[in-house]
Amino acid sequence: MLMELKEQLLSGSAEEYLNKLFLKIEKSPLNGFTSLARESALQQAREFDKNPGQGRLAGVPIAIKECISTKGIETNCSSNILRGYIPPYDAHVIEQLKAEGAIIMGKTNMDEFAMGSSTETSCFGPTRNPWDYDCVPGGSSGGSAAVVAGGEAPCALGSDTGGSVRCPASFCGIVGLKPTYGLVSRYGLVAYANSLEQIGPLTRTVEDTALLMEVIAGHDERDTTSAEGKKRYLPIREGVSGLKIGIPREYFGEGVSKEVEKAVWDAINTLESLGAAWQEVSLPHTKHALAAYYVIAMSEASSNLARFDGLRYGLRFGEDKDWHTTFSDIRARGFGPEAKRRILLGTYALSAGYYGRYYLKALKVRTLIKEDFLRAFKDVDLLAGPTMPIPAFKIGERINDPLSLYLADVFTVPINLAGVPAISVPCGFAGHLPVGLQLIGKHFDEATILQAAHTFEKATPFHEKTPAVI
Amino acid sequence: MEDVIIGLEIHVQLNRLRSKMFCGCSTDYHNSEPNSHTCPVCLGLPGSLPVLNKKAVEFGIKVGLALNCTIEEETLFYRKNYYYPDLPKGFQISQYDFPLATRGHIMILGDDGVERDIRINRAHMEEDPGRLVHAGTIDRAKYTMVDYNRCGMPLLEVVTEPDLHSPKEARAFLDKLKSILEYLEVFDGSLEGSMRVDANISLKGGDRTEIKNISGFKGVEKALSYEITRQKNMQRRNIKVVQETRHFDEIRNITVSIRSKVGAHDYRYFPECDLVGLRIASWVPAIKAALPELPDAKRKRFVEQYNLSDDHAKSLTSEIKVANFYEAVAARAPPKLAAVWIADVLKGELNYRDQTVDGFSQEHMAEIVNMLAESKITEDGAVQIIRDLLDGRGSSPDEIVKSKGLGKAKDDVVQKAVREAVAESADAVADYKAGSERALNFIVGVVMKKTRGKASPGEVHKLVKAEVEKM
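Line by line, the protein sequences give chains A and B.
So the first sequence is numbered by the working numbering: it starts at 1 and just counts up by one.
So the second sequence is numbered by the working numbering: it starts at 1001 and just counts up by one.
One chain only, chain A, in its complex shape:
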């Protein structure tokens, strides 16, 4: 897709293409974009039209999730508390994109501070699923997924703390990758749960994801957890002959919709018919993953979100009172209910007397979950299962029942706890709603899951289907 788009832009006009997108976005019912960088983007497009340059993404517009710092463009994590904050610096990934000539077209909607799987907790209201406007696009990178699926942007970046790239990719029928922890620099990614999250691409094809990964991955000395070296993913190796795929038995059964289960098994059978071998494996600690994930994520969040006090940037209103009253008022008004819930629970979990019972225990479970994966990867090259146990649900259906929302993350959070990479690719439909196949790889072995995903994509028609709005 992006390769063809580049050809098309070179022979045509980037400005014209961009204007078409902006026109479409203006009329869009999706609410995927929160702001557009219209002037700077058009300016860059005009420059491209004069002199295209050599960048690998020259002239290609890209949508950026609200939580990734963009110099001069408001970055508010879809939270009132950060409304008006314009960062003075670019995230590492933005620098990399700009260096390759990509055009930042705007910012996309998300769950407030990435806390959610439906993009309903945003201060800008929910984003709609292009396949069914009454449904959520998934989350938290719901805006990024919806605008790509809806044809409003050719590609986007999201971030994935517990499934926030893969879930909306699955619900919107596109490709989304959560890289190995440490592969992509987090410098400039506004932290929700910093030990878990990675920035990842959301695209229409696996090849596009590989291309974006080549641009954004690589060492950055400003992120101490960033891994050394730069990897190549293109051209993606085709074929799955000889690949051994593990099917985690814990990823099927209770809680998984029949339609999802069928689509995923069909996909596994397709991979088998293409030459891969599969075997059942066990990830025995999966049932503890959700609890561990939420304790760790909320604990980290309670600390990461402490800096938002309105003193230096962000929300400020009325007359200042004394320090404690002023910052308490700002936080009370600035954060939405889900952010407050997680800050409170995280603060509780880290408190003296509870730290050992919750946080330390969660860290122990995390180690066990990581060991589950390492053990499984002794026998197989990659794992396959559903990304989400269900297809997209109706807007408003679960928002007042946080536990049922959290339960939907059951197959995505273990991957973040273990730090391994995983990709979601379209593998069929449940009625009119897309279903995603999740392929999970060994640490830093994005190449193998890209290979399997790409081969699967070539052999199936799902990625070619587009929602009716296009």
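Hints in this document: simulated from the structure, not taken from any laboratory.
Keep in mind that the hints are not guaranteed to be accurate.
Unchecked claim - Straight-line Cα separation of at most 20 Å, SDA-like style, residue types lysine to any residue; simulated pairs:
1) A:LYS340 / B:TYR1083
2) B:LYS1080 / A:HIS324
3) B:LYS1054 / A:ALA227
4) A:LYS321 / B:GLU1374
5) B:LYS1450 / B:ASP1391
6) A:LYS287 / A:PHE252
7) B:LYS1142 / A:ASP320
8) B:LYS1402 / B:GLU1363
9) B:LYS1336 / B:GLN1362
10) A:LYS262 / A:GLY431
11) A:LYS71 / B:LYS1080
12) B:LYS1080 / A:LEU345
13) A:LYS244 / A:GLY431
14) A:LYS321 / B:TYR1083
15) A:LYS370 / B:TYR1143
16) B:LYS1465 / B:ASP1427
17) B:LYS1300 / B:LYS1321
18) B:LYS1142 / A:LEU311
19) B:LYS1080 / A:LEU360
20) B:LYS1080 / A:TYR354
21) A:LYS321 / B:ILE1258
22) B:LYS1080 / A:ILE86
23) B:LYS1054 / A:HIS219
24) A:LYS321 / B:TYR1143
25) B:LYS1314 / B:PRO1334
26) A:LYS370 / B:GLY1277
27) A:LYS262 / A:ILE390
28) B:LYS1212 / B:LYS1222
29) A:LYS370 / B:PRO1271
30) A:LYS321 / B:THR1144
Here the structure is a predicted model, which means the values were calculated and not measured.
Place chain B on chain A using the hints.
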């Protein structure tokens, strides 16, 4: 004062480092506009990440070793969570479990005149918060401004055991610590706010109070003295001392309550995942090997090598600058005499003028000591030369001797004056012979007048006595 129990927490800015603890901002902010030495990292802007300054850790290990601490195999950073406007992230990156250094000790001179070890509980690294500038005093200010230039400065927090028993001992400890830090070249004590002290103090059987953020060693002494008096008065009146945090008001020289420990802070320490654990065990041997000679060792060596009294050696080694100055002078002039003149005279004159030894030339000092050794000048003359040089009157000892005529009279001239004076003072001689030792002073006065003060009174006294005895 065994009934007074004091423990100190000293925040030392490792200000000889060039960049801050977790970012590339310069540490040289003291004469800069507020908030001009900042970046996304030290301002804690959303999305920024800390990168550890390894040199800061190296400095920390140096101090740990000099305080006779055990250095941890692997050190970890933690988040200390609390809300305050000077803390832009809402947490401070600090250490908790696995601090850099634990269980050390340094020696001080106790109030009883006996030297003893004060135990160090731990030394850990953390980032300095910004600086609050109150409009007026802290308890009355209408508003407060924040300067983040200081934010992210590398700090080492040294925590003692409650081994100190008086404000004077606390001062002795701080002086010793400062001395060691300057020997290690990790710290410049002349910069504002470079060392800040929290002092915990209690009377035997009572609750303790913590006096926060005292700057200046004199401040520590004053704050502790005030607090002892306050607590004693309360005990006397049977009022319970409450456990609380107090602030030292430097202007009024009193401590004031700022918050009660009831509902104390829960800092919710947990590991800082943006920094990875750092294995430092392998760094230690090289750092240890490169440690300079420390004050106690230097003091011992001075006694042995230069045959100095322990007092002189101590006085000369408390500041590395003075010690180096002394050794440079001792290489060119008689060491024992140099020690007396530097420790007893020069240091006093410098103190009086609030100057450091940097302002005095080693060559000049050696010249003065040599002239004294060769009896070319009197002791009064030497003091005069030192004062003139410090006050900018004269360019060299030699020049001052010439211009002021401070050259000591030749012995034969003195001898002649003594003979004349004795001959002229028959009454005084008679008094002396009659048993009045003081009568000699009159004759010495006459000699001094004749030699116009260029003779040394001590020597003249000896010569006069000998001359009179001959009669």
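Quick rundown of the hints versus the structure:
1. A:LYS340 / B:TYR1083: With a Cα-Cα distance of about 16 Å, the restraint between LYS340 of chain A and TYR1083 of chain B holds, given a limit of 20 Å.
2. B:LYS1080 / A:HIS324: holds, 18 Å
3. B:LYS1054 / A:ALA227: Holds, because 18 Å separates the two Cα atoms, which is no more than 20 Å.
4. A:LYS321 / B:GLU1374: Violated: LYS321 of chain A and GLU1374 of chain B sit about 74 Å apart, past 20 Å.
5. B:LYS1450 / B:ASP1391: Outside the cut-off at roughly 30 Å; violated.
6. A:LYS287 / A:PHE252: holds, 12 Å
7. B:LYS1142 / A:ASP320: holds, 11 Å
8. B:LYS1402 / B:GLU1363: holds, 18 Å
9. B:LYS1336 / B:GLN1362: The hint holds at about 16 Å.
10. A:LYS262 / A:GLY431: holds, 12 Å
11. A:LYS71 / B:LYS1080: violated, 30 Å
12. B:LYS1080 / A:LEU345: Roughly 18 Å between the alpha carbons, so the hint for LYS1080 of chain B and LEU345 of chain A holds.
13. A:LYS244 / A:GLY431: At roughly 31 Å apart (the allowed maximum being 20 Å), GLY431 of chain A and LYS244 of chain A break the hint.
14. A:LYS321 / B:TYR1083: At roughly 16 Å apart (the allowed maximum being 20 Å), TYR1083 of chain B and LYS321 of chain A satisfy the hint.
15. A:LYS370 / B:TYR1143: Violated, at about 51 Å.
16. B:LYS1465 / B:ASP1427: It holds: about 15 Å lies between the C-alpha atoms, which stays within 20 Å.
17. B:LYS1300 / B:LYS1321: Answer holds: LYS1300 of chain B to LYS1321 of chain B is near 17 Å, not above 20 Å.
18. B:LYS1142 / A:LEU311: The given pair, whose Cα atoms are some 17 Å apart, holds under the 20 Å limit.
19. B:LYS1080 / A:LEU360: holds, 16 Å
20. B:LYS1080 / A:TYR354: The given pair, whose Cα atoms are some 16 Å apart, holds under the 20 Å limit.
21. A:LYS321 / B:ILE1258: With a Cα-Cα distance of about 19 Å, the restraint between LYS321 of chain A and ILE1258 of chain B holds, given a limit of 20 Å.
22. B:LYS1080 / A:ILE86: Not OK: LYS1080 of chain B and ILE86 of chain A at ~28 Å, beyond 20 Å, violated.
23. B:LYS1054 / A:HIS219: holds, 19 Å
24. A:LYS321 / B:TYR1143: holds, 10 Å
25. B:LYS1314 / B:PRO1334: Holds. LYS1314 of chain B to PRO1334 of chain B sits at ~18 Å (cutoff 20 Å).
26. A:LYS370 / B:GLY1277: holds, 19 Å
27. A:LYS262 / A:ILE390: holds, 12 Å
28. B:LYS1212 / B:LYS1222: Given pair LYS1212 of chain B, LYS1222 of chain B holds - Cα atoms ~13 Å apart, limit 20 Å.
29. A:LYS370 / B:PRO1271: Holds. LYS370 of chain A to PRO1271 of chain B sits at ~19 Å (cutoff 20 Å).
30. A:LYS321 / B:THR1144: holds, 12 Å
Hints 4, 5, 11, 13, 15 and 22 from the list above are not met by this structure, while the remaining hints are.
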